[in-house]
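One letter stands for each residue in the lines below.
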Amino acid sequence: MSMIDVRDLRKVYGGRKVVDGVSFSVEEGEIFGILGPNGAGKTTTVECIGGLRTRDGGSISVAGMDPALEGTAFREALGIQLQESRLPDKQTVEEALTLYSSFYSRPRDWRELLERLGLVEQRRTYFGKLSGGQKQRLSVALALIGNPRVAILDELTTGLDPAARREVWKLLEDLKGTGVTLLLVSHFMEEAERLCDRVVVIDRGRVIAADTPEGLAAGVSADQRMSFAPSAPVAAGVLEALPDVHTVSTGADRIVVTGTDNVASAVIIALHERGIAATRLRVDQPSLDDAFVALTGEDHGSAQHSGTDRKGASA
Amino acid sequence: MTATTAMLKAEGKLLARNPGVMIWTAILPVAASIVLAAIPGVREPSEAMGGLSFFQVYQPILVLFAITLLALQALPDVLTRYREMGVLKRLRTTPVSPALLLFAQLVLVLAVSVGCMLLMVVVPALVGATWPKNLAGFAISYLLAAWALLGVGMVIASLFRNAKVAAGFGSMLFFVMQFFAGLWIQRPVMPDWMRNISDFTPSGAAAQALTDTSAGHWPRLLHVVVLIVWGVAATTFAVRRFSWE
Numbered sequence: 003m004s005m006i007d008v009r010d011l012r013k014v015y016g017g018r019k020v021v022d023g024v025s026f027s028v029e030e031g032e033i034f035g036i037l038g039p040n041g042a043g044k045t046t047t048v049e050c051i052g053g054l055r056t057r058d059g060g061s062i063s064v065a066g067m068d069p070a071l072e073g074t075a076f077r078e079a080l081g082i083q084l085q086e087s088r089l090p091d092k093q094t095v096e097e098a099l100t101l102y103s104s105f106y107s108r109p110r111d112w113r114e115l116l117e118r119l120g121l122v123e124q125r126r127t128y129f130g131k132l133s134g135g136q137k138q139r140l141s142v143a144l145a146l147i148g149n150p151r152v153a154i155l156d157e158l159t160t161g162l163d164p165a166a167r168r169e170v171w172k173l174l175e176d177l178k179g180t181g182v183t184l185l186l187v188s189h190f191m192e193e194a195e196r197l198c199d200r201v202v203v204i205d206r207g208r209v210i211a212a213d214t215p216e217g218l219a220a221g222v223s224a225d226q227r228m229s230f231a232p233s234a235p236v237a238a239g240v241l242e243a244l245p246d247v248h249t250v251s252t253g254a255d256r257i258v259v260t261g262t263d264n265v266a267s268a269v270i271i272a273l274h275e276r277g278i279a280a281t282r283l284r285v286d287q288p289s290l291d292d293a294f295v296a297l298t299g300e301d302h303g304s305a306q307h308s309g310t311d312r313k314g315a316s317a
Numbered sequence: 011m012t013a014t015t016a017m018l019k020a021e022g023k024l025l026a027r028n029p030g031v032m033i034w035t036a037i038l039p040v041a042a043s044i045v046l047a048a049i050p051g052v053r054e055p056s057e058a059m060g061g062l063s064f065f066q067v068y069q070p071i072l073v074l075f076a077i078t079l080l081a082l083q084a085l086p087d088v089l090t091r092y093r094e095m096g097v098l099k100r101l102r103t104t105p106v107s108p109a110l111l112l113f114a115q116l117v118l119v120l121a122v123s124v125g126c127m128l129l130m131v132v133v134p135a136l137v138g139a140t141w142p143k144n145l146a147g148f149a150i151s152y153l154l155a156a157w158a159l160l161g162v163g164m165v166i167a168s169l170f171r172n173a174k175v176a177a178g179f180g181s182m183l184f185f186v187m188q189f190f191a192g193l194w195i196q197r198p199v200m201p202d203w204m205r206n207i208s209d210f211t212p213s214g215a216a217a218q219a220l221t222d223t224s225a226g227h228w229p230r231l232l233h234v235v236v237l238i239v240w241g242v243a244a245t246t247f248a249v250r251r252f253s254w255e
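These protein sequence lines map, in sequence, to chains A and B.
Letter by letter, the first sequence follows residues 3 to 317 of the numbering used here.
Letter by letter, the second sequence follows residues 11 to 255 of the numbering used here.
Don't read these hints as lab results, they were simulated from the structure.
All residues carry an ideal CB built from backbone N, CA and C; glycine is no exception.
Hints should not be assumed to be uniformly reliable.
One side only, chain B facing chain A, incomplete, derived with CB under 8 Å [said to hold, decoys possible]:
1) Met11
2) Ala13
3) Gly96
4) Gly138
This is chain B alone, in the form it adopts within the complex (with noise of 0.2 Å):
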């Protein structure tokens, strides 16, 4: 058995014996996108919404509710605790490398967070919602949306020792992303200042890519380039910045 696979294995069983966090943080989202796609009206295209329908609008949003809360905090959290463990002293003690750690929790993580988003295009289509009308596209956004995400979760990971203060700073920076992706004021009713902030982030490209192929489009380039730009400098980032002491 290759290190790599060890560790994965290792790292997965030590993740389901804990479902707790993760299943804590998946469930609201994907609870929330179900009860919405089963409320008929908050299908019907909306004109304030610009002609999408609520569920148009938000179900982008709560994907990346999910994908953002355990990038920012369950990923960050396991391998902080790990720190304060001595875990990751212990490894350095060995001939592996740090990063082979950090990609086994970005795998892991990147699967739960699939798993979630499944749950939330399939389930509410099978009670009645749209799908995705682009589905390549909007694979291809999620999958740039997350790495994006769990590249700034990572950089969590590698610049606070402190488990607790990780969690904090997590926290605020979920709430930011959060903020830009639109879960309070709608990116398509947010001022143009606004908007144009959020395009720069990676959840409001986030945001926007997802909402543009769900209508059947291509995401725009320069919500592509954003997402790459903060995925590249993030994992970059951290994978320097991450060390075993």
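The shape of chain A in the complex, shown without the other chains (with noise of 0.2 Å):
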């Protein structure tokens, strides 16, 4: 049986259907990425699985166990790191794990998960006094101090720095293989990439897609975009003669060709047999950022992107 099952999920806030149907099940031991853009009903529905809210429709299983009647025994099961949950600012990580990890009758050791998560040196530093990184490391180890079976991790890198950000990473990379299952919300494609093994999209209160995230990419783009310049000029009619390529545009200096899998190696031998060399390549692989935006539309989204993020918008 799956860790956690989703059927049909249904919430409405004043008449809005916020999450409308959403369907999806995490197998144990999985990293699961709940993707979409803000406001699209992740949180809700994370909410609604964590048992933090009550659900209008729909059924939930976490650990064979149904949120809504939040026992004693649910909360053992679960751990949730929740977004913009702070600490008091006087309380250190050590006094913070010795106290949470007392609430739980099988606790894990709060020295491993401090070890395991670079907090050792700062045992003794006021929560206040933490960096950001810090604070969110802080955070998955009280989600994962019970020693839970699954973990819900929200936003976990909203908010920090490429550096803080890859820490966290290394961490949750870690924790693969220890069987905790963990489902991780995010809007952060590149996240999901690295760290999930499946993932499904969601927007506005509907499951849009579900795959793994190579399967997402692949699916939603065919072409391939490659682009370089060339060691001479290249005749006109050579390239889009090539069964592989779609389309060639050439600029001042470089030419963009888009096509099949293969059109980067149709390419380069078509140059090669004419003595022509591609120099500066670059290859791009349609990727889950490309899979996101063509899925959720150009509209919305987008206010966490960043510019290189948004250059596959268009291809």
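Build the complex from these two chains, which are given one at a time in their own frames, with help from the hints.
Structure, rendered in structure tokens:
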């Protein structure tokens, strides 16, 4: 049986369907991603799964239990890291871990967690004095302290600088294979691509795609895109004639070609036969970013995407 | 370590590291009662006060002043700020009950206010004022008063999500409570109808019970019952109403 099973989940706020028939299931030990633009219903979905909100319809089972009943056994089995949940500024890392481990019947050894999270040197540091990355790692530690079978991590790396983000990712990669099932909420595609075994994309309260990150990326855009600076001028029509090539556009010093999976090798061989080298070659795989933008549309989800993220939108 | 002891320990440490609120809350009434006790004339019985000395009338009021401030301001302040910070929400994801945090805060604030009360009774006695003549009765009255007032403080914490609103409401209620305790018009000189209302408020009943026991009597049944009813009603309401969300 699946570790998490969500069937036709519904939640309405003031007549607006925030979650409108979401279904998915997560196997034991998986890292499962819930992706979607801001306001898509991701957090509401995981809060229903975490028993923090009552659902209006559908069924949820977490480790065989219904979150709506919210018993002690359920709280023991599930760890949750919530968005924007702080600790008192003057509580030390060690005190927080000791306190929270006292709540559970079979807690994890917090010293081992400290080590794994790289917080050993901060054990006597006040929460208020920790860096953003350290706070997030402590927050992950508190979600895992009860030795849960399932952990929900909501927008874990939002607001972290790239180095801190990588710290947290490394930690989650290390957790892979320890048997804990992770449900990761994110609007950050690189995160999902790197960590998740499978993902669902939620938009306007519905699941609009479900696959592995690679499958999702591959499914959206069949075209690969390559660009290079030719060492000598390429005669018109040479590249267009290749069966793998779909479009060719020639710029001032670079040529951009799109086409099938084989487009890169076909173009390089054709150029090679004419004694031309493709320098400063760049081949772009369709990424999860492209898939995400294509799935959810241009008009939203953009606020959190940098310029480079958006480049794929037109491809 | 059980969850209860761990929570008490953790909250105790936090209280010790943020002593400001408690110290500022306690310093005025404690200082006032010590200064009053040091003035000889204040210790003389007065006809206007129904044969009691000014100090005897004011000591219970000041003792109540301290605990009312702690109960209506310090206690809700900690809890509503925890709510705003998401500490409560995080606790909700764990197997412990919300009542555990309420209990820990209750114990700690009670400990601080008992400390204040001891200062306000022992130090004046050492400088020449009278000890409460019925010590056991005084202690019982004090604990009943603490229960009722801390209960009201917990109700404030469970009703308001915003720390500033809770603080404002707490201040307003503080003045109402102090009025009925007799801070401005002492209970012996209140008109009958006002004293009758005061009898049914936690602070009025507490002030009279402390005054009676201080003079060597036992508290009147009415006041004991009023304090118990407030204590039971407020704590029950707060525990039911206080949720993590």
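Tested hints:
For methionine 11 of chain B, the interface hint holds, since its Cβ comes within 8 Å of a Cβ in chain A; the closest pair sits about 5 Å apart. Because the closest C-beta pair between alanine 13 of chain B and chain A is about 5 Å apart, less than 8 Å, the hint holds. Proximity of glycine 96 of chain B to chain A holds as hinted, the smallest CB-CB distance being about 4 Å (cut-off 8 Å). For the restraint placing glycine 138 of chain B at the interface with chain A, the shortest Cβ-Cβ distance is roughly 41 Å, beyond the 8 Å limit, so the hint is violated.
Checked against the numbered hints listed earlier, the structure breaks hint 4 alone; every other hint is satisfied.
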